[in-house]
Amino acid sequence: MPYMAILRHDMKTLWRSRLVRLWLGATALLTLLLVGANWANFMDGTLIASLLFPYLVFPWFFIVVALGVTPVSGSQAETLADGILCRPVSRFEYLLASWSARVVLVLSVYLVVIIPAVILIILAKRPVPEDTVTVYGIITALGVVGLVLTFLVSLGFLAGTLLRKPLLAVVVLIFIWYPIGLILSIFSLEEFSPISLNRAISTQLRRPWQETDAGAKDKANIQDNEVFSDQVSNFFSILSGAPSKPKAAKPDFFEGEKFDDLSLFRVSLGYGLPTIASVILASLCFYWRDL
Amino acid sequence: MNLEVPRGSIFGLLGPNGAGKTTTLRLLLGLQRPTAGQAQVFGKPCGPNAVRVRSQIGYLPTNPKLPGNLRPIEYLELLGRLSRLPGEVRKPRISALLRAVGLLGATDQRIQTFSTGMCTRLGIAASLVADPPLLLWDEPTAGLDPAARRFTLELIRELGKTKTVVVATHILSDIDQICDHLGVMHEGRMIFTGSMQDMKRRLARHDFTLELDGAAEDVRRLAHEVTNLEGIDALANAGQMLLVKIADGRSRSRALAEVLKLIDASNLSLQAIHSGQNTTENAYLQLLQEDGFHR
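Protein sequences, first through last, are from chains U and R.
Residue 175 in my numbering sits at position 175 of the first sequence, and the numbers go up by one each step.
To convert, take the position in the second sequence, counting from 1, and add 291; that gives my numbering.
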């Protein structure tokens, strides 16, 4: 019961905030503008990908991170200690409920705006060529963006708990986030970069649930293994300073339109594990803090 | 420090600003962690995740900072849910508490519009939502007008009949009115714990306190001369005060006259005479002075 009580309380408080309402309005407006402007220009997959694009980059990234910055930072810590944490609720329970409220709110705003737009795009008769967007592709693409948003909220959550000052936390995260694409490309981990993910979404949207060609699954598995082992050996060779193995040319991987070897499993791990780690670290940090 | 609070008592935690009263209470609630030792309430260790301990404590902080965006009912509802109270118990209790603290007319206002006194009264109601057996109230009369102070003190007296109440304060008149046990803290240490009678009985050792002006060496010499008088004992402290105890059976006025003669013959001048009998304030100040002198 305490978990649900705090979850409801935090969600009500967040919903009442101007930032959330402004973001909801702005994201709805932007979605409308994008759909309207590209109604007759983009195919289904490209149009849906363009709607998902702003959630992974500035300015929505900034807002999502700001929403994730915790209520245990700044002057709110005193209110929290006097009003809530002196009652029969554990710090972990409070933190988990607070994190959950933020994630639920961000995902709700995202889905409330994006799902009607996607349905409209799929069902409407538009003057563009037929596309091969699949339901599986849509669900997984929305899921991947949702996972990235959850990760961003968790990052803001951790930064706010560690740094204790909301504004400082947001500024530090911005300075860490933008070079991250460069760092990920050095270690050949582009698919974990939100920028690369953007480019892969239109491919993922067109991906069927199962490949019709029986050999394609085996080929994909072999390619998966090759790419994974290449990435691991590259990562360690850069860390150790040893020269990396010469790579086979894969021009398709770097084209904006084709990311055939995008692995949902690796992307889920790549964003899911840091999300869990952020929450655990934030809990540990908050547990040891004197209020 | 070692602190034991008798069950069912109204325990006053007394000390000057910065003595560590608030820190002690927050240690019991798990809001802060001790640098050494452990704290237990009802035999259970305290800590950040000690939910069962906090379920038995009602805490009132000094000038409580409460969630300003909520209304009183919403805030008490939240606390009721945190305390796992079922709805049929929670709702009538919240109404009764708001009526008892005089906030029934303010249920539509948000907490951020409340005055200090209203926040304190809401804090009192909040500490009683779960009907806990132990109340820890930190300076409950701080910032209150005389009528609100009286109401709060009456409430503490009433609650003390069925609960254990710990009141941290530096207002001695409050302690005098309501407490039956007290502990005195000074610079993070507990320098006295016991009943109010024990506290006042300490002064039976010092019938008078004389404030003197002059060299410390002269005060010590005077103390030595006074001690040589029959039936009189004297102690000079670091602050040029002479603490004089008169033995039972000896005339107080005659003894005082002899002491005053000695002062007159010395290089010291008398600034003030305080009678030390049965005054909590003097007992408290004396404890602080003795503690400072011994360190």
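Source of the hints: derived by calculation from the structure; they are not laboratory data.
We put the beta carbon where it would ideally sit given N, CA and C, even for glycine.
Warning: the hint list may mix true and false statements.
[Stated by the list, open to error] Reference excerpt, derived from the structure (chain U facing chain R, CB under 10 Å, subset only):
#1 W39
#2 T79
#3 W209
[Unchecked claim] Computed cross-link-like contacts, EDC-like style, restricted to lysine to aspartate or glutamate with a CA-CA straight-line distance of at most 20 Å:
#4 U:K12 / R:E478
#5 R:K356 / U:D131
#6 U:K12 / R:D399
#7 U:K12 / R:E430
#8 R:K356 / U:E78
#9 R:K356 / U:E130
#10 U:K125 / U:D10
[What the hints assert, rightly or not] Where chain U lies over chain R, by a calculated footprint (3+ residues, C-beta under 8 Å):
#11 351-358
#12 369-381
#13 532-546
Under the criterion of a CB-CB separation shorter than 10 Å, is U:W209 in contact with chain R as hinted? violated (43 Å)
Check the hint pairing R:K356 with U:E78 against an upper bound of 20 Å on the C-alpha distance. Holds: R:K356 and U:E78 sit about 7 Å apart, inside 20 Å.
Could you check if U:W39 really has its C-beta closer than 10 Å to a C-beta on chain R? At 41 Å from the nearest chain R Cβ, U:W39 fails the 10 Å test, so the hint is violated.
Whether chain U covers the segment 369-381 of chain R (at least 3 residues having a Cβ closer than 8 Å to its Cβ atoms): holds (count 6)
With a cut-off of 20 Å on the C-alpha distance, tell me whether U:K12 and R:E430 pass. violated (32 Å)
Would the pair U:K125 and U:D10 pass a check requiring their Cα atoms to be no farther apart than 20 Å? Distance ~42 Å between U:K125 and U:D10 Cα, so the pair is violated.
Counting residues of the segment 351-358 of chain R with a beta carbon closer than 8 Å to any beta carbon of chain U, are there 3 or more? holds (count 5)
Hinted pair R:K356 and U:D131, Cα distance within 20 Å: Violated. R:K356 to U:D131 sits at ~58 Å, over the 20 Å cutoff.
Is the coverage entry for the segment 532-546 of chain R by chain U consistent with the three-residue Cβ rule at 8 Å? violated (count 0)
Holds or violated: R:K356 and U:E130, Cα atoms, limit 20 Å. Violated. R:K356 to U:E130 sits at ~60 Å, over the 20 Å cutoff.
Would the hint on U:T79 stand, with a C-beta cut-off of 10 Å toward chain R? holds (5 Å)
Does the alpha-carbon distance linking U:K12 and R:D399 stay inside the 20 Å limit? Roughly 17 Å separates the two Cα atoms, so the pair holds.
When the structure is compared with the earlier hints, violations turn up for hints 1, 3, 4, 5, 7, 9, 10, 13 and for no others.
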